[in-house]
Amino acid sequence: MKFAVIRFPGSNCDQDCVLAINALPGASADYVWHKDTSLGDVDAVVVPGGFSYGDYLRCGAIARFSPIMKAVQEFASAGGTVIGICNGFQILCETGLLPGALVRNKGLHFVCKHQYLRVESTDSRFTSGATKGQVLNIPIAHGEGCYFADDATLEELRAQDRVLLRYCDANGNTSDAANPNGSCDHIAGICNEGRNVFGLMPHPERACDPLLGPTDGLVIFQSILNAQVLQPA
Amino acid sequence: MKVLVTVLPKPSVLDPQGAAAAEAIRHLGIIGVGRVRIGKMIELELPDSTPDEDIHRISRDLLSNPVIEDYSISKQ
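Just so you know, the protein sequences line up as chains B and F, in that order. Counting along the first sequence from 1, when you hit position 48 you're at 48 in our numbering, and nothing is skipped either side. Counting along the second sequence from 1, when you hit position 64 you're at 297 in our numbering, and nothing is skipped either side.
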């Protein structure tokens with residue numbers, strides 16, 4: 001399975017994503033420069049974390065206009081697998097591939113730590129390898145990770161089972177204390193209506209090597225890989 | 234012409250910077266401060282012939298994010 005990892009000026013998690021994916025049997029990843037207009041022959045797209053365009057104007061606001069994003073939008077519209085991590089999540093929201101927006105953390109500080117997350121839905125190609133209610137321990141690192149959407153959008157996300165991850169404590173309980181950034185409804189990750197585009201603030205690619213601590217991020221990439229294998233030709 | 238575009242967070246969006254500034258104003262000893270919202274102002278130099286529609290497009294599609302922000306335009 002081939003992954004394209006998009007590189008914008010200011011991306012800084014692109015290499016982590018490529019390393020994590022290439023370590024998986026049956027998966028390979030290559031960089032795609034943001035000025036390219038084609039993704040090439042790939043099965044999935046990763047929009048990695050970082051500070052694309054220095055977060056000028058708003059996080060992800062300028063990256064949205066990069067030439068490659070037209071190809072990513074077409075790929076997503078055709079049902080292709082797209083995962084946006086951290087700044088990638090912000091970019092997918094700015095692009096309109098996912099609803100809502102990520103705003104400044106409630107506590108104003110940049111938060112960089114391991115964070116517990118609860119898998120809310122396994123009905124997606126990103127979480128099918130997990131179990132509902134499973135608690136994952138995955139790093140977060142962001143200053144603008146507070147998920148905001150209006151009430152109607154939040155209701156739609158809940159009704160359609162599109163909240164895939166919520167912030168929680170070690171026991172899987174959500175609370176304001178366990179919510180690191182003030183996100184609406186403790187949301188850490190959502191998918192689109194077609195369930196083929198996923199955005200999340202935590203960094204699963206930083207939790208794939210036992211040398212670095214927990215490897216709970218593997219279940220995300222492994223789910224994507226398994227979904228591809230199971231997909232009818 | 235010069236056009237000033239003001240972008241502010243929507244009232245429904247939490248603005249922790251504004252809340253922190255309001256608290257600091259109280260620390261100045263000035264009481265009675267209500268809600269404070271922090272946004273940004275963008276100055277554009279545009280040909281005089283630029284249609285309003287284009288200024289709105291710039292403001293709506295790039296300078297602000299309608300999900301979280303409102304904008305207003307003032308021609309100088």
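Think of the hints as simulated: they come from the structure by calculation, not from any bench. Any given hint might turn out to be false.
[To be verified] Result set (DSS-like, lysine-lysine): computed pairs, CA atoms no more than 25 Å apart in a straight line:
hint, chain 1, residue 1, chain 2, residue 2
1, F, Lys308, F, Lys273
2, B, Lys113, B, Lys2
3, B, Lys113, B, Lys132
4, F, Lys273, B, Lys106
5, F, Lys243, F, Lys308
6, B, Lys106, F, Lys243
[Stated by the list, open to error] Estimated spans, in silico, between C-beta atoms of each pair:
hint, chain 1, residue 1, chain 2, residue 2, range
7, F, Gly262, B, Gly96, 39 to 47 Å
8, B, Asp161, F, His289, 34 to 42 Å
9, F, Arg270, B, Glu155, 19 to 27 Å
Where is the CB? At the ideal position from N, CA and C, for every residue including glycine.
Quick rundown of the hints versus the structure:
1. Lys308/F to Lys273/F: Given that 25 Å is the threshold and the Cα spacing comes to 16 Å, the pair holds.
2. Lys113/B to Lys2/B: 30 Å, violated
3. Lys113/B to Lys132/B: 24 Å, holds
4. Lys273/F to Lys106/B: 19 Å, holds
5. Lys243/F to Lys308/F: 22 Å, holds
6. Lys106/B to Lys243/F: 15 Å, holds
7. Gly262/F to Gly96/B: 39 to 47 Å: 46 Å, holds
8. Asp161/B to His289/F: 34 to 42 Å: 37 Å, holds
9. Arg270/F to Glu155/B: 19 to 27 Å: Since Arg270/F and Glu155/B have Cβ atoms about 26 Å apart, the given range 19 to 27 Å holds.
Hint compliance for this structure: hint 2 alone is broken.
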